[in-house]
Structures are given as structure tokens and as C-alpha cells.
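In order, the protein sequences belong to chains A and B. Start counting the first sequence at -19; every next residue gets the next number (the working numbering). Start counting the second sequence at 293; every next residue gets the next number (the working numbering).
Everything labelled a hint here was simulated from the structure, so no lab data went into it. Some clues are possibly wrong.
What the hints assert, rightly or not - Rough simulated footprint, nothing fancy, chain B against chain A, three-plus residues with beta-carbon under 8 Å:
1) 344 to 356
2) 491 to 501
As the list claims (entries may be wrong) - What follows is a list of derived Cβ distance ranges for each label pair:
3) B:Val486 with A:Ala256: 51 to 59 Å
4) A:Thr447 with B:Gly398: 46 to 54 Å
5) A:Ser18 with B:Val486: 26 to 34 Å
6) B:Val400 with A:Gly318: 30 to 38 Å
7) B:Val486 with A:Arg262: 33 to 41 Å
8) A:Gly(-6) with B:Ala474: 55 to 63 Å
9) B:Ala478 with A:His539: 54 to 62 Å
10) B:Val400 with A:Ala256: 48 to 56 Å
Glycine is no exception: its CB is placed at the ideal position from the N, C-alpha and C atoms.
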Amino acid sequence: MSLLEVSGLGIRYGTNDVVAGLSFSVDPGESCGLVGESGSGKTQTALAILGLLPAAATSSGSIRFDGIELLVADEDEMNALRAERIAIVFQDPMQALNPYLRIGQQIRRILLQHKLASGHEANDRVIEMLARVGLPDPKRQFGAYPHQLSGGMRQRAMIASALITEPDLLIADEPTTALDVTVQAQILELLASIRDDTALLLITHDLGVVAGHCERTLVIEQGGLVEEGLTRQVFAAPQSRHMAQLLAAAPRLDRDGMREGMRGEFAGETVLDIRAAAVSFRERGSHRRLQAVRDFTLQVRSGETVAVVGESGSGKSSLVRAVLGLIPLQTGVVSFLGERLPDDVRSRALTVKRELQLVFQDPVGSLNPQMRAGDIISEPLLVHAPTLRDGERRRRVLRMLEKVGLPDSFVSRYPHELSGGQAQRVAIARALVMKPSVLICDEAVAALDGTVRNQVMALLEGVQDETGLSIIFISHDLAVVRGISHRVLVMYFGRLVELADCASLFTRPLHPYTRALIDAVPVPDPAVARGKQVIAGEVPSIVTPPSGCAFHPRCAYAHERCIVERPDERVVDGVTVACHRADEIDLTVR
Amino acid sequence: MGASWANVRGNRALVVSAGILIVTAMLAVIGPLISPYDYLSTNFDALLRAPTMADMHLFGTDDLGRDLFVRTMLGIRVTLIVAIIASIVSLVIGVAYGATAGYFGGRVDAVMMRLVDTLYAMPFIFFVILLMVVFERNFLLIFVAIGAINWLDMARIVRGQTLSLREREFVDAARLTGVSSARIIARHIAPNLVGVVVVYVTLTIPQAILVESFLSFLGLGIQEPQTSLGALVDAGVNQLERASWTLLIPATLLAVILMCFNFLGDALRDLFDARQTR
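Please model the entire structure based on the sequences and the hints provided.
Here is the structure:
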């Protein structure tokens, strides 16, 4: 018999059906992936199973868990089931953990609440669990507060608290979306290895995650199931159009072609020249300076796309903000077409400002909620071409809208009336309306669904082919970068570790960290996804920088020399790399 | 602004309190026109007459025989005008000051806000009383005095909001395109403050009414024969034993107006909050 049986589930907010007629089941001990784009009703389904739907929602149909009907269960029955038999891991562990309680106490409470253990026995069990989820020094972490842990460690603690009762069903709702790629791989590995007899319902938008870790796959679209089957079969021969679309939209490191044509030596002149740039922040409450970016040098040529890749804490956002003059540069020089730029954007000439533009990660947050799309796009024109007549300005705004693929009627829309993809198009239109030479995209597609992401990237590529725009594409995700960039720069802990042509970087990386990033990208193909290497550890804290090469604590190839001596950037086979052993070790991707 | 009519109408506290305020304000304008009496003329044949329909002394008369209905309506008018103008004064100064301090931050912010702290530390009522005693008492001085108290709160609230708005990405985007600081404050910061400011203004109005009433009650506010609700209450207290209506009617109206503004403020806050969380 199935452990969980959802049949004809409907969830409705007012007149809006979020989930309609959804049916599926989960067997005891199996791992099941629930895949869908944002807004497809995945999370609402999870909340319905847990009895956590908000009061505004009305549900219909049936959810049976081990014979118990959950939709009609009262609060006491649900409380008894939750945690003890059904547990959940949320996307953001910082939101899910109580910031005022020590990790150990929070987990211990679950045991006490359900009378599963008491006193010292409870403490011992919690510490044992913390050790099993891979928290280093579990005795000490027992007394730590959530903010003292890194994101990955917090998610491990969250998993420990979910599994401490040995539940029958674990629901993981986008458990790794807020984490770095290398940490994501570790957490998924942990979930798969630790759950024993617990059934897993893994909710995600990322096909790669499902391919690697679920036996069965369920695909939902607009609140209804469109496909289900063994993961192997669903991925090899999708039956539904939607799954086929999702698969086609998922970026793949192992198959898709790379950008042709402009590889190797570039004809274009150097547009943006960043030399020996460093950025630092003063630590709160002390005079120590924390070094976010050090000794960073990069030349961007006209018409090329350079991707800057690194995990959170690698300093990529600090770097772009300093280059644009939004935060102060500690040392170093930024020049545009050979001319040195003042550090602060406010002291830069208008004619230079228009040449460097930024597209942000959060499309809605980067648009003023009180302005209409038309006004947002025309504002730069008001600043840079104040003599333009109203009619001409309006014409240019409409032309820009058309270029980013939005109809004229969007001129009068407010940001909250736009979807994520549409809002990002408006943001791109605003950045491009002044015809800049360099466009910096800071995680500009990270918040978008697969198909929309591909559309936005195609749009950028199209504009580049047409106007010779240079693009700096900041991302944490190598898979996204591969299709669009000519050169890729990998950053780790504030420094460049490798800068190479796209093709060479993906086939023959020279730095072990680059290779680790490539391996960490989930592949949406069950045949390839299993049995991949996962590197241990996380990006070190900026407060306690490691000695020598910053990567040595996580590096499988580290020598004594790496511990004491920091490697300088050097050129090996035309690739700039900062590794002592770059010419000894072979990291070729096969 | 996205607060739709359906939301506004669905909010009973908002509709009722706004309705009462509008009716009161209209009465205050029309009332004196339809009454056969004016606020000045005394009638020694009708001293302290109780409210009656018979000779149109709806609210009775005071100890000089002046019609209290007309005087009360006049009092409401004066009270509302003082309160609204004082709030506008505090709104303009407070928003401009707070938004500037918040947007520029750093040293500018520190200096500007320490000035506010210093002003806060002064015993303002005492200060106002001194002003009133030293200079001729006049209408203008009351606005200045009340506005001078209220803008401090407004500046602090606006500054706090601006500090968080300044970090938002759309402000960075505007700076990158070369939009000037003045225009960023006017076009990007200020419109996003509207929700907070509207709510806060509806809460400063009753505060201003209270201060004005207090000053008038102390005999430092509006000059006879002009009057305000506070002055009427002051006069009524003296007649409490002989003619309780001279106190009760203006005091009740004052309380109703204060409550309506407070409810209105709360309701507006709910309305804007709902929009933000959605």
C-alpha cells in the first residue's frame, strides 16, 4: 500500500485555482521528485500535505497518509503526525530555524515534545544526529545559534531536525535552491544517503537535482500532474510536451554546443580595463578590514562576453559594484577606453555613465514599484538626452520594448503587474536604451525559470550580435554561463583562480576549483548524474582567511607548498591560472 | 497607488470615520450660514440657555448669550484648519529633512539627526508658552509652534524608511544611469514613502488638535472672540455646575473628531500594509 496517496487535490485562493485535480502517490521508503516551474503549485501541495495551508486557501479532494485522511484531520491529529511521521525541510534554513534558540535545543525540543526521549538521552541523540548530517564538532554546534552557522551547515542542521524522529515521509521543498552549487551537491548527497527507510518527496524546479537523486519523477504544470514514471524513463523518453520543454530548456554541461566564432584571439579593442582592483569592508565594531576582492585584473574587449563565476562569498558582487562606482575601490584602477574613471559613480561624467550599465538579479526589486514601465525606460533618456521631444522619446521607448520582446501596451504597466521574466526584460530595456558599451549582468537570470532564462539569454546574445555590446555575465552557475560566454573567469575567495576561453575551460580546466564547480553542476540525465564526485567543505569565512592558497583546505591536490605560499597568477597554455600545480595535474573532463 | 476602491470600501472603520469627518467638516462650513445667529453678538436676554429647538439655539448659549451652535461650528473650523495646516507644515519639513538625511547618510545623516535629537530634548510646551507670552498671541504662531513639534517625529520616520529604500536596487539603477540626487529623492524615494507618510499624517492631525486645544485651554491659543474647540472646552469648564452643556457638547465633538482621525490612521495603515505583504 502507498504511504501517501493524494487524489483529486484542489487548492483554491478565492476564484484562483492553484492546484486542480492533482493525484499521485508515494510508496514507503521510495524517493520521489516533484518537478515544476515556479507557480505550478508544488509548494502549495507540500503545505496541504502538512496541513499548513493559509486560512485564505480552500482545499478539496483527498490526501491519505498511511490510511489517515489529512485534509479533514484536526490540529491535534496533525500536530501528532507532523515532525514525528511527516517532516519537512524548507528552502531557506534561516527562515525555518528560530534565531533565538541554540541548534541543539531546537532539535531536542522535538524529541521532548513527542516524548521520544528525555534528559541526557535526548542530548546524546541530538549530538549523534548532528554528527550524522556531517556537522563538524557536533558537541560544539549543539550550543551554536543559527546565525553562527553557514548556509550549508544550517541546512544540515535542518535536515537533522527533520530526521531526528525517524519520520516515514520527508518532504524537501527546494532544499538546495538557496545554496551554492558545491554545497548543493553535498546536501543532495547527504539527503540520499542518510534517509534509511524514510520516503523522500523532493520538490524542485531543477531537473538536474531530480535526475541524480530520485527513483521516480512527477511533473506538474499549472497545478495538475502531466507526467509520472521512473526517473530513468521520464528523462529518456518524456511523454508530455511540458516535460520535453523543461528538458530542452535545462542547460547541460555535457552536451549543448558552445558559442562559436569569437573564440581565442579577439579582434575587438579593450573597452573596460580593470587593474589590480581590491575591495574591502570594515568589520563591524572593529578596525580590521575584511578583504572581499584582492588584486583583480581583467580586460574586456568590445563585442565579447566574459563570464565571472564563483560561489557566494567569492567577491563577484563586490567587484561589479566597485567597478561601477557604487562602493569604493580600495586600490586599483578602472579605465574605460583607456581613460581612468573616478572611483565614485557620482563623480563620473554623464557620457561615461551611459556606457556602463547593470542588470540586477532581482528583476522586480530593481524597478521602482511606483513607476510605470514606460517611465522606467524613458528615465535614462530624460537624463542623457533632455532635449529630446516627448514624441521622439516615446518612440524610442516603444522601439526598446519591441526589441526586448514586449508589446506596446506594457508601457503603462507597473512592476508588480509583470512576471519575473517580463520585469527582467524591462530592466534590460532600461539598461540598453542609452546604447551602452558594456552591460554587466549580475546573476541576471538566476531568479528565472528555465524557458524564460533561455529567452532572456537569447535576447542578450541578439543585442550583442547587432551592436557589438560587451557583456560581463556574473553567475554562480557554470551551466548557464557555458552557452553565452566567450571567456570564463572563475573567482574564489576574492581572487581570480582561472581565466580561460570557454571551450578550454569546460574541457580542460587547469584549476582544481574549476573542475569542482563543473562536477557540482547537476546534470539532468539520470545516466550521467549518479556517482559523481562531490568536493567537501565550503567557501571559507572572510573573517578567518586560510593561509597560502585559499582553496587548499578543500583541494584534493594540495601540497605543503599550497598551505604556506599563495600562488600567483601565471599563464599556462594560454590560460591564466593561480595554482602551484596547474602544469602537473590533469583535470581534463571526459 | 494601488489601494483599490474595493479595498477602501471593504474597510468599515475607514469608511465610517472618514464619513463622520466629512459630515462634520461640511456642517462646520454650512452650519453658521443657516443659523440666524452669528458668533459675535451677545444677547443678555438669553444667558446660559439650555439647548432648545424653539429659538434655534441648538447647542444653547454661553454666559454672554452667544449662540453656542455657531460658536462650536466655528471652533471645529478653526481646530481643523490649525490641525491640517500644522500637519502640512510638519509634513513638508519632515519629509524633506528626513529624506535628505536618510539618502545621503553617513556624516550628513549624523549631523542632521543629532540636531533633531537636540530639539527633541527641549521642553516644547514650555518653549511654546514662552513664545506666546513674549510675542503677541496670533494664529500664525500656533501653526509654527505645533508644526515645530510634529516635524521631528516625521523626520525620524521618513529618515528610517529612506535608509532602507536607499539600499534598494532600483535606487542603484537610477544612480548608474546618472539620475541626479535631487531627482532620485523626488522620483524614486519620495513616492515610495507615500504609504508611511499618509498614515503618519492622519496620526499627527489629532496630535496637533490636542496641542492646540491644550494651548487654548491654558488661555494661550486662539484669541476671543475667535474660538476653537479647546477654547470652548475651557470656557465650558467654568460653567460646569450651572450649564453642563457648554462643556459637554464641544468636549464630545472634540473626542469624536480625535477618535475618527485615529481610526482613519489605523485603517489606512492596514490598507497599505496589506498591499505590501501581498
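A quick look at each hint next to the structure:
Here's how the segment 344 to 356 of chain A fares: 7 of its residues keep a CB closer than 8 Å to some CB of chain B, so the rule of at least three is met and the hint holds. Check result for the segment 491 to 501 of chain A against chain B: violated, 0 residues qualifying (beta carbon to beta carbon below 8 Å, three or more required). For B:Val486 and A:Ala256, the hinted distance range of 51 to 59 Å is not satisfied, since their beta carbons lie about 45 Å from each other. Our hint of 46 to 54 Å for A:Thr447 and B:Gly398 is violated, since their Cβ atoms are close to 38 Å apart.
For the pair A:Ser18 and B:Val486, the supplied restraint of 26 to 34 Å holds, since their beta-carbon distance comes to about 30 Å. Between B:Val400 and A:Gly318 the C-beta distance comes to about 35 Å, which sits within the given range of 30 to 38 Å. The beta-carbon spacing between B:Val486 and A:Arg262, approximately 35 Å, falls within the hinted interval of 33 to 41 Å. At roughly 43 Å, the beta-carbon separation of A:Gly(-6) and B:Ala474 lies outside the given 55 to 63 Å, and the hint is violated.
A hinted range of 54 to 62 Å holds for the C-beta pair B:Ala478 and A:His539, which are about 60 Å apart. The given range of 48 to 56 Å is broken by B:Val400 and A:Ala256, whose C-beta atoms sit roughly 32 Å from each other.
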